[in-house]
Amino acid sequence: MGNPIDLFGIHPQALGLWQRRAEVLSNNLANADTPNFQARDIDFRAALGGADAGSLPLAAPSSGHIANTSASADGLKYRVPMQPSLDGNTVDAETEQAAFAENSVRYQASLTFINAQIRTLRTAITGS
Amino acid sequence: MSFFRIFDTAGSAMSAQSVRLNTTASNLANADSVASTPEGAYRAKEPVFAAIRQGLGRDASTAGVRVTGITESTLPVGSRYEPGNPLANADGYVFTPNVNPVDELVNMISASRSYQNDVEVMNSAKQLMLKTLELGH
Numbered sequence: 013m014g015n016p017i018d019l020f021g022i023h024p025q026a027l028g029l030w031q032r033r034a035e036v037l038s039n040n041l042a043n044a045d046t047p048n049f050q051a052r053d054i055d056f057r058a059a060l061g062g063a064d065a066g067s068l069p070l071a072a073p074s075s076g077h078i079a080n081t082s083a084s085a086d087g088l089k090y091r092v093p094m095q096p097s098l099d100g101n102t103v104d105a106e107t108e109q110a111a112f113a114e115n116s117v118r119y120q121a122s123l124t125f126i127n128a129q130i131r132t133l134r135t136a137i138t139g140s
Numbered sequence: 002m003s004f005f006r007i008f009d010t011a012g013s014a015m016s017a018q019s020v021r022l023n024t025t026a027s028n029l030a031n032a033d034s035v036a037s038t039p040e041g042a043y044r045a046k047e048p049v050f051a052a053i054r055q056g057l058g059r060d061a062s063t064a065g066v067r068v069t070g071i072t073e074s075t076l077p078v079g080s081r082y083e084p085g086n087p088l089a090n091a092d093g094y095v096f097t098p099n100v101n102p103v104d105e106l107v108n109m110i111s112a113s114r115s116y117q118n119d120v121e122v123m124n125s126a127k128q129l130m131l132k133t134l135e136l137g138h
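Chains B and P are the protein sequences, given in the same order. Position one of the first sequence corresponds to residue 13 (the numbering used here), numbered consecutively onward. Position one of the second sequence corresponds to residue 2 (the numbering used here), numbered consecutively onward.
Just so you know, the hints here were simulated from the structure itself, not pulled from any lab data. Quantities reported herein were computed from a predicted structural model and do not represent experimental measurements. The reader is advised that the hints may include incorrect statements.
Unchecked claim - Selected chain P positions facing chain B (Cβ under 10 Å, derived; list incomplete):
no. : residue
1   : A11
2   : A17
3   : A52
4   : S115
5   : V122
6   : T133
Beta carbons: idealized from backbone N, C-alpha and C, even for Gly.
Hey, can you work out the whole structure from these sequences and the hints?
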């Protein structure tokens with residue numbers, strides 16, 4: 013725990029990602045009736061993996077090589093539709109609602125971890 | 002702070018759905034309006050939704066929805082023989098709108114459900130923001 017950046021573990025980065033995911037999911041729900049709209053979601057493992065390890069860069073010895081910036085900047089992928097509709101919309105409102113609720117809980121979990129860490133530190137500092 | 006973007010997104014969807022509710026209300030209200038010519042008859046209106054795009058190419062993300070226009074139904078209008086009606090034409094016919102009340106009710110339910118969804122999203126985002134503000138208390 014020497015480095016203050018590591019104080020809260022992965023949770024500060026995770027909070028940012030949960031937030032980004034809430035944004036993507038709310039966008040899916042907003043476009044639940046838009047023709048040809050395709051629902052998207054964040055590949056969380058890939059996105060958080062990148063945030064955690066700083067991702068291993070590929071060597072690019074020649075000027076023509078392309079750096080491996082994670083596939084689509086923020087790991088956004090299209091959802092595989094369960095019941096595609098005739099107008100080309102792939103939003104399943106129930107799936108999105110469930111994902112949004114799950115995402116909220118995970119966000120609150122990260123918040124709780126950070127809060128607990130702050131309380132621990134406060135106890136250590138004040139000794140009471 | 003991206004939670005504020007959720008308010009924009011959900012807000013745009015709520016306004017789009019309320020436009021949809023508005024057209025439904027207009028269609029249902031005019032379901033029995035008659036006219037003396039087929040061209041003058043009321044035609045069912047329906048909004049066209051489109052996602053608002055931000056950025057280009059693969060990284061393009063969408064942020065909300067907007068109404069790009071209101072279309073009028075191209076279904077044929079009906080006609081009724083009512084010689085006593087002051088609006089009747091020379092042959093005694095009046096022309097009725099092409100509004101299908103069942104379609105309109107289905108649209109209304111769908112719009113209000115979507116609206117409720119968006120309100121829930123907004124409420125959740127608000128709660129999470131408030132919890133974040135309380136961090137460290």
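Open item on the list: Under the constraints set out in the numbered hints, which ones does this structure not fulfil?
Closed with: none
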